[in-house]
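Undergrad: Got chain A sorted already, so can you dock chain B onto it with the hints?
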Amino acid sequence: MRPERRFGATGSLGASVGVLVLGLAAAWASGRVLDLRAGDLAPGAGGWQLAGDFFGRALRPALAFEGAYDGGRLGVVLQAGRAAVTTVAFAAAAVSLSLVGGLVMGFLGSSAWWPGRRAAAVTVPVRLLAAAMRSVHELIWAVLLLAAFGTDRLVAVLAIAIPYAGTLAKVFAEMIDEAPRDAAGALAAAGASPLQGFAVGLLPRAVPDMTAYAFYRFECALRSAAVLGFFGFPTLGYYLSASFENLHYGEVWTYLYALFVLVLAVDAWSGRLRREVTR
Amino acid sequence: MITAPVRAAGVGLAGVSVRLGGRPVLADVDLEVAPGQAVALVGPSGAGKTTLLRLVNGTVRADRGRVTVGGRDLAALGPGALRALRADIGFVHQDLRLVPNLRVSQNVLSGALGRRSLPGTLRLMLRPAAADLHRAHRLLERVGIPEKLFERTDRLSGGQAQRVAVARALFQQPSVLLADEPVASVDPARARATLALLVRLAREEGLTLLVSLHDPQLVREHFGRVVGLRDGRVAFDRPAAALDEALLADLYRLDDRDAS
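Chains A and B supply the protein sequences, listed in that same order.
The first sequence begins at 190 in my numbering and counts up by one.
The second sequence begins at 1068 in my numbering and counts up by one.
Isolated chain A, as found in the complex (with noise of 0.2 Å):
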C-alpha cells in the first residue's frame, strides 16, 4: 500500500497562501520583462473599424459566399459543413493513432505495471520519451513534417497524434498510478498474477477517468485539426483563413459557429459515454 500524503489544516492554508503569494510575484515579474501596459492595446482607428465590421457580423454569418464565387444560396454552408467533416476525420485518424501510443506508452510507464524495484529501467525512459513528443507543440511538428514529407494528408494526421499520445501517455500512467491497488492485492494474494491482478483488479478503476480524458483530446484535435488548415490541409481553418483575408467576415463566423457546433456535439456523446461507463 502506499502511504497517503496528508496536509495538516495549517499546513495546507500556508500552501494555499504561498502559491497565492509566488503567483503575483511571477505576473509582477513577468510584466517587467516584457513590458507589458495596458495602453498599448488601444487600437487606432483602423483597428476599431476593423474590429467593428469584424463582430458587427457575429450575428449574421454568410450563408452564401460574398465574393465573386458562386455556390448557390447555401454555399458557405455547405462549404462549412464538407470542411467540417475532414476536420473530424483528420482529428479521429489523429486520436486514434495517439491513442495507440499512448495506451501502450501509458502502461509502460505506469509503476503499477512493474511489480519491484525493476520498475524505473522501465517507466523512466518511456516518461523522457512521452515527454519529448509532447513538448513540441502540433504545430512546430507539422512545420517540421511539413518540411520533409509535404503537403500528404498523413503529415497532418501525425503532427497531432504525435504529441498528443505523449500527453496520453503522461496522463494516462498517472490515472492508472493513482487507481487503488487494494483490489489488486487481494487478488494477488489470493493466487492471481501481478498481471491479472492489474487487468482485474486496478484498470476497471482507472478505465472511465481515461475514456473521459481520452474525449477531450478528442475535442483538442478537432481544434488542432481545424489549425492546420493554415498549412495548406482542407479543414476548416483553411476556408476560415481565406475568408478573412478577403475580408469576408461573415464566412468567417459560419466557419467558426461550424467549429462551435463540432466541439458541442463531441461534449455531448462524450457525456453519455460516460454516463454508460459509469452506470
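Treat the hints loosely; a few may be bogus.
Distance windows between CB atoms, simulated [unchecked claim]: (1) 212/A with 1090/B: 43 to 49 Å; (2) 450/A with 1088/B: 58 to 64 Å; (3) 462/A with 1214/B: 54 to 60 Å; (4) 1252/B with 332/A: 55 to 61 Å; (5) 300/A with 1089/B: 47 to 53 Å; (6) 1224/B with 464/A: 21 to 27 Å; (7) 1224/B with 292/A: 33 to 39 Å; (8) 292/A with 1317/B: 56 to 62 Å; (9) 1221/B with 337/A: 49 to 55 Å; (10) 1271/B with 205/A: 38 to 44 Å.
Stretch by stretch, here's where chain B covers chain A in the computed footprint (C-beta under 8 Å, at least three residues) [claimed, not checked]: (11) 364–375; (12) 415–424.
Calculated from the structure, these hints are not laboratory results.
Glycine included, every Cβ here is placed at the ideal spot set by N, Cα and C.
TA: Structure of chain B alone, referenced to chain A:
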C-alpha cells in the same frame, strides 16, 4: 444442507517469529489447526492477528520458524508453487477490497484468477462460460443475494458487499478460508449473521476456517476453539466454551503505557 467431502488442509505454525519494519509482531508462535477445524483469533489491536492470517497465505514471510499449509512448508515454495497455494486459500478482508465499478458477477468470478491463464482471465471477465456464471449465481444464492448477480458492486449496501467478498473467496474453491475482522465494521445483527454464514459455509464445504474478531459472545456462539493473542504471543488456546470474562479482561488489559 449440502454435504461436501472434506478437502480441507491443516494449518501449522511452529516457533514462528515475524518482525515488520524492525518491530517484533509475532514471537515464537505455535499453532496447529486440524483440517476442517474452525478457530477464532481474539486479542487487542496490534496483537498480531492480521499478521498471523497473512502468514498462512504467504503474503507475510516468517523470519523464524515454520509455516505449513496442508503439510507443505511455505518457505520451501517457489513463486509459482506459492501462487498455486494461494489459489487454494480464500481471504475475506475487513475492507473487502472489491472492484467497485465491476458487476457483482465479475467480482465473484475474479476469485478464480489464480487458476486461470491470461486469455482465460479475459474470457472469465468478459464472456464467462455458463458453468462459471451458474456457479457464481449458486454461491450468491447461498450468501443470500442471488438477485444482485449483475448489479454494479458499488450499488450494494455494506452488508451485501461483504457477502460478495465471501462469495469471491468461496468461488476460489479454497481448502482454507481466512477472514480478518469480518465483523469489525458492521452492526451486531449483521455481525452475527455474517459469522453464522462463514461458519456454516466452511462446514458445508469442509474448509479450515480462521477468523479474527473481538466479540467473545460471537466466539462462544460460533466457534469450537479460540486462540488469544497478546503482544505477538499466544496467550491462551482453548475450547471456546471456556472463554470467560477473567481470561478476556487479562487479554485486553491496557498496559501502563497505553493507559497513561
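Undergrad: If you check the beta carbons of residue 300/A and residue 1089/B, does the distance land in 47 to 53 Å?
TA: Between residue 300/A and residue 1089/B, where Cβ atoms are some 25 Å apart, the hint is violated.
Undergrad: Using the C-beta atoms of residue 1224/B and residue 464/A, is the stated range 21 to 27 Å upheld?
TA: 23 Å, holds
Undergrad: Quick check: does the Cβ-Cβ distance between residue 212/A and residue 1090/B fall within 43 to 49 Å?
TA: Once the Cβ atoms are compared, 44 Å apart, the range 43 to 49 Å for residue 1090/B and residue 212/A holds.
Undergrad: Counting residues of the stretch 415–424 of chain A that have a beta-carbon nearer than 8 Å to any beta-carbon of chain B, does the count reach 3?
TA: The restraint on the stretch 415–424 of chain A is violated, since only 0 of its residues have a Cβ under 8 Å from chain B and three are required.
Undergrad: So does residue 1271/B sit 38 to 44 Å from residue 205/A, Cβ to Cβ?
TA: Given about 57 Å between the Cβ atoms, the range is violated.
Undergrad: The hint says 33 to 39 Å between residue 1224/B and residue 292/A; measuring C-beta to C-beta, is that right?
TA: For residue 292/A against residue 1224/B, whose Cβ atoms are near 36 Å apart, the range 33 to 39 Å holds.
Undergrad: Measuring from beta carbon to beta carbon, are residue 292/A and residue 1317/B in 56 to 62 Å?
TA: 58 Å, holds
Undergrad: Please check whether the stretch 364–375 of chain A has three or more residues whose CB lies within less than 8 Å of a CB on chain B.
TA: Coverage by chain B holds for the stretch 364–375 of chain A (4 residues, Cβ < 8 Å).
Undergrad: Is the hinted range of 49 to 55 Å satisfied by the C-beta distance from residue 1221/B to residue 337/A?
TA: This hint holds: roughly 50 Å between Cβ atoms.
Undergrad: Note whether the CB distance of residue 1252/B and residue 332/A lies within 55 to 61 Å or breaks it.
TA: 60 Å, holds
Undergrad: Do the beta carbons of residue 462/A and residue 1214/B sit within 54 to 60 Å of each other?
TA: 28 Å Cβ-Cβ, so the 54 to 60 Å window is violated.
Undergrad: I want to verify a distance hint. Is the separation of the beta carbons of residue 450/A and residue 1088/B within 58 to 64 Å?
TA: 59 Å, holds
The structure fails to meet hints 3, 5, 10, 12 from the earlier list, while all remaining hints are met.
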